[in-house]
Amino acid sequence: MSTIAPATPAPSRRAARRLLTAARILLGLAVVALGILFLVVEYSARLLEAQVGAWLVDTLFATNALPSLSAGTPAVVFGVHDTFLALRITIECSIALYAGSIVIFGGLLMMLPRLRTVRVVVATALGAGLMILLNQVRIVGLAWVLSEYGRDGFEWAHSLGGSFLMTAGLVVSLGVFLGIVPRRRPRRRFRSTRTAVR
Amino acid sequence: MDLLFPVLNTIAGVVISLSLVYFLAAMGAGMHELRKNKTKLGVQGDARYEQPFLDEPETFDVYFLVPCLNEEAVIGATVGALAPGRRSTTIVIDDASDDRTAEVAREQGGPNTIVLSRQLPNARTGKGEALNDAYLLVRRLVEERGQDPARVLICVMDADGRLSDGALSHVLPIFEDPKVGGLQLAVRIRNRNTNFLTRFQDFQFWSMSAITQFGRRKTGTVSLGGNGQFTRMSALEGLDGMPWSASLTEDLDLAISLLIKGWTLETTPAASVDQQGVESLRRLIVQRRRWYQGHMTAGKRIVDIWKNPDLSNARMFEMSAYLSVPWLFDLPWSILWHWLLFTFIVRADSVFSYVDGPLSLVVGLLAWYVLTFAPSILTTVVYLRRDRRVGLGWAILMGHAFLVMNYLSFACAWGALLRMIQGRTGWDKTARSAEPGGATASPSTTSAAASAPASH
Numbered sequence: 001m002s003t004i005a006p007a008t009p010a011p012s013r014r015a016a017r018r019l020l021t022a023a024r025i026l027l028g029l030a031v032v033a034l035g036i037l038f039l040v041v042e043y044s045a046r047l048l049e050a051q052v053g054a055w056l057v058d059t060l061f062a063t064n065a066l067p068s069l070s071a072g073t074p075a076v077v078f079g080v081h082d083t084f085l086a087l088r089i090t091i092e093c094s095i096a097l098y099a100g101s102i103v104i105f106g107g108l109l110m111m112l113p114r115l116r117t118v119r120v121v122v123a124t125a126l127g128a129g130l131m132i133l134l135n136q137v138r139i140v141g142l143a144w145v146l147s148e149y150g151r152d153g154f155e156w157a158h159s160l161g162g163s164f165l166m167t168a169g170l171v172v173s174l175g176v177f178l179g180i181v182p183r184r185r186p187r188r189r190f191r192s193t194r195t196a197v198r
Numbered sequence: 001m002d003l004l005f006p007v008l009n010t011i012a013g014v015v016i017s018l019s020l021v022y023f024l025a026a027m028g029a030g031m032h033e034l035r036k037n038k039t040k041l042g043v044q045g046d047a048r049y050e051q052p053f054l055d056e057p058e059t060f061d062v063y064f065l066v067p068c069l070n071e072e073a074v075i076g077a078t079v080g081a082l083a084p085g086r087r088s089t090t091i092v093i094d095d096a097s098d099d100r101t102a103e104v105a106r107e108q109g110g111p112n113t114i115v116l117s118r119q120l121p122n123a124r125t126g127k128g129e130a131l132n133d134a135y136l137l138v139r140r141l142v143e144e145r146g147q148d149p150a151r152v153l154i155c156v157m158d159a160d161g162r163l164s165d166g167a168l169s170h171v172l173p174i175f176e177d178p179k180v181g182g183l184q185l186a187v188r189i190r191n192r193n194t195n196f197l198t199r200f201q202d203f204q205f206w207s208m209s210a211i212t213q214f215g216r217r218k219t220g221t222v223s224l225g226g227n228g229q230f231t232r233m234s235a236l237e238g239l240d241g242m243p244w245s246a247s248l249t250e251d252l253d254l255a256i257s258l259l260i261k262g263w264t265l266e267t268t269p270a271a272s273v274d275q276q277g278v279e280s281l282r283r284l285i286v287q288r289r290r291w292y293q294g295h296m297t298a299g300k301r302i303v304d305i306w307k308n309p310d311l312s313n314a315r316m317f318e319m320s321a322y323l324s325v326p327w328l329f330d331l332p333w334s335i336l337w338h339w340l341l342f343t344f345i346v347r348a349d350s351v352f353s354y355v356d357g358p359l360s361l362v363v364g365l366l367a368w369y370v371l372t373f374a375p376s377i378l379t380t381v382v383y384l385r386r387d388r389r390v391g392l393g394w395a396i397l398m399g400h401a402f403l404v405m406n407y408l409s410f411a412c413a414w415g416a417l418l419r420m421i422q423g424r425t426g427w428d429k430t431a432r433s434a435e436p437g438g439a440t441a442s443p444s445t446t447s448a449a450a451s452a453p454a455s456h
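Keeping their order, the protein sequence lines are chains V and G. What the first sequence shows, in the numbering used here, is residues 1 to 198, in sequence order. What the second sequence shows, in the numbering used here, is residues 1 to 456, in sequence order.
FYI, nobody ran anything at the bench for these hints, they're computed from the structure. Any given hint could turn out to be false.
Computed beta-carbon distance windows for the label pairs [stated by the list, open to error]: (1) G:P375 / V:L26: 39 to 49 angstroms; (2) G:G423 / V:D152: 51 to 61 angstroms; (3) G:L418 / V:V172: 31 to 41 angstroms; (4) G:Q422 / V:A86: 54 to 64 angstroms; (5) V:G141 / G:G423: 52 to 62 angstroms; (6) G:R389 / V:T59: 36 to 46 angstroms; (7) G:D310 / V:R17: 16 to 26 angstroms.
Positions of the beta carbon are idealized from the N, C-alpha and C atoms, including for glycine.
So that you can see chain G by itself, here it is in the shape it has in the complex:
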């Protein structure tokens, strides 16, 4: 016991410090990037998501790929918003939906929308395979239309995704740099006012994820997500095999593949994409567990990254740190957090040995609060400044919600590990909710089994 306390406390100290270094470096770099670009934290805070082609320079041909499985509730508005592009084509990938997804897409999409119907038993085999099918179609169309793959962009959108007004006018100029192979937009949660969970997802995406992604511009290692993901077709053509893998996080896998090939991945603070947040805890756990499993599986690609002599060390370290997060931080922290809580309680007399009255108790508690909750205070301020409409109360609540929401991460990380050990790679598609103005549908969770293991 004499040795157990110091050893575990040292491990906890190292884990806390390493995560703090990564968090502060990423957040600091993000804010520095914004300042360098003379952009405020509040940029896009009150963005509207209706006219993505506003002021579009029309310098690239853009193919929007929208994988769909029972999306009639939301697909109409999505393809409707993408219809006005003069140099764009929308490909709705209907993965053997049971509902009217294909019909709604055809009705609302206009002449630039193509519905690619996948039929069972070759459908519902994973998002990666659906995207690869559409990619083959894009290849054919690009050839038929005589387009230059270096001037063709492919944008993956969720069926409920909406690009911010003028998004393309900010995205396309970034691809004028021939080194840029991909770009990911920051994500906003549309139904953030629905409940605590949707608000928390908005906080995570808009306050933390977006800023750290801006920071990752410094190394050109911005991670790709499944919504608002732009890639240059010539970059995809240079990959070994098809772009999207059978992995549970095919977007992260693609980002790693592009980086290994030497491409730079970008983002911009001047455009964003909004989507529905998951409204129930059960669905959120299923979604996050899938993300964790994909992220943890992608960890094995660290070897490819370290072996690649063309990657800079800064890129190598950043990507390794990002891929290690579940292994080095989430899983150990789920144990160490409880250990620290236990020692804090059993050693309360020693921790608060200076308390000799109410005043010293208050001052002591305040000091401990500042010490342990410093990242929460930072993210509270950032969230408030990202969108003033959030309000101080919500910002404070979200900044401190990690105390409870950590348990979601712990459960999902351990659940993902268990599924990896069991060799289970099935996936549960995130279901959508009907929105005002959209076609009606009853949301449900559709299960499918990936035909291929999550290998790369």
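The following block holds chain V by itself, in its conformation from the complex:
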């Protein structure tokens, strides 16, 4: 039968571990800063959303679509059935605040040594990415409803459908995030124990 004495980390290994810890904390801080940046530059994020939204609307169903400004608010202007319509993306319609919150949360978790950094990065990217994608789907969907069913249909889809979609989306995003993060790397001493027993 083999016995395993707890190994004392060599100085070089200790130094490497310290370096890794510092790198993880720096990465976490950078990601938190990125999340805060999302919140601060939310107007630019809306401009970007309008650009992507216009491209999607143009590609999917409109005869023509352009990103624009409507009374200073980023908007998607598109033409359907010889009519031009404008969809304004207000701060409450933007995803920057939700995505920023997820990114900040992810950054904070990245600094914890017990969590696998790669998993937290993947979870943060997936969680925030899902929300961004969902909001684009919502913007394009609202544009389509507006063009097909007019103002009445838009009000239904915007108020009811939008609220339901975004709440469900945030629940799913957070669920995915929290589903990915906890999984743990198999601990090294278990591996060495198995090897020793063999």
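Knowing the structure of chain V, use the given hints to seat chain G on it.
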């Protein structure tokens, strides 16, 4: 103002979504656990609470600890029900009662009942200290009787607690798994038909708490309560110091300590414990405020949990989420709820902009109802299926009672926070009501001051 609305709405959205994720995950996991064990939601719905030792395998020695302070109204029936155990001992901890608690316990308990009398000024110093005193006695008895601490279980019961028929036949086999250090039974409210408050407590314990506790089996992080709490003696022996702390929720504290030591905490759908519910609003507020204060104080142990490398991340996250509930959900929600209500009213024209007639109004209201009350609909169905005798009317009422009962949580959470800031750790013992067939007593609230601060 332009920024205030979106920022607060985002915070509200995140809080709602996080609480929904936790609620749905716990409820879903609970129902999945039941299905995995081929058990229906209605299990134990019509259980009787008279013969806990029915079909008992007698594989463990069990010590029942029953802390008592003026419990003559209920203690007789409790010790009477625990008397028939062939390998059990009941220790009634009389915490310097003013009434006939000790005499009634001796009369009704039989030869396996021991009354441990605590005398003032060393009595009434908190439930934790009373339990620790009894634990010292258990240690001595186990040694004298030559019992193996790994095969000894300690069960904490409330003075009004009754185990379901055959409870031990379901509990003891679970402890055959050497990793299991504790087990908590689901709680039923005996006097649930008395009034709205007792019915609501039954709904909370039986419909929501029990299912989420079944769900927590997946991570082995079932929380311990003060009634129907089983622990393995060898697990308690391995703790640093005495098992029960001076905390206002010494049961939760013990659960955290056991989990940190690597023990698994379990529950079973096949057994339960019933107890009296609090019948007056004032007493309910006092009880819940104490629970909140204990729960909120235990929040500082999140640091111990996160520092422990032996705990799995799933356990770490689940326990952190559970301990954070008052801080992350209840306190913020008490403000955000009113904010959302305010915006809903002031922006009603925008929220209901699609309404152009009675039909669209009805459809719109219905859609908003389904969207905002989805958890209520779920808990209504669960409560009805947990016990068909409840009736659809009561189930619907309870499912939607959170609209009013949220204010109880808000008041208790803020009251607990205030007491924490003031450094007040005194406790008010929950008083019992006399039951048909029990000895008579006039229920009262007994106040005492914990001698030690709620530290761990």
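Do the hints match the structure? See the list:
no.: 1; hint: G:P375 / V:L26: 39 to 49 angstroms; verdict: 41 angstroms, holds
no.: 2; hint: G:G423 / V:D152: 51 to 61 angstroms; verdict: 59 angstroms, holds
no.: 3; hint: G:L418 / V:V172: 31 to 41 angstroms; verdict: 37 angstroms, holds
no.: 4; hint: G:Q422 / V:A86: 54 to 64 angstroms; verdict: 57 angstroms, holds
no.: 5; hint: V:G141 / G:G423: 52 to 62 angstroms; verdict: 55 angstroms, holds
no.: 6; hint: G:R389 / V:T59: 36 to 46 angstroms; verdict: 59 angstroms, violated
no.: 7; hint: G:D310 / V:R17: 16 to 26 angstroms; verdict: 19 angstroms, holds
This entry does not satisfy hint 6, going by the numbered hints stated previously; all others are met.
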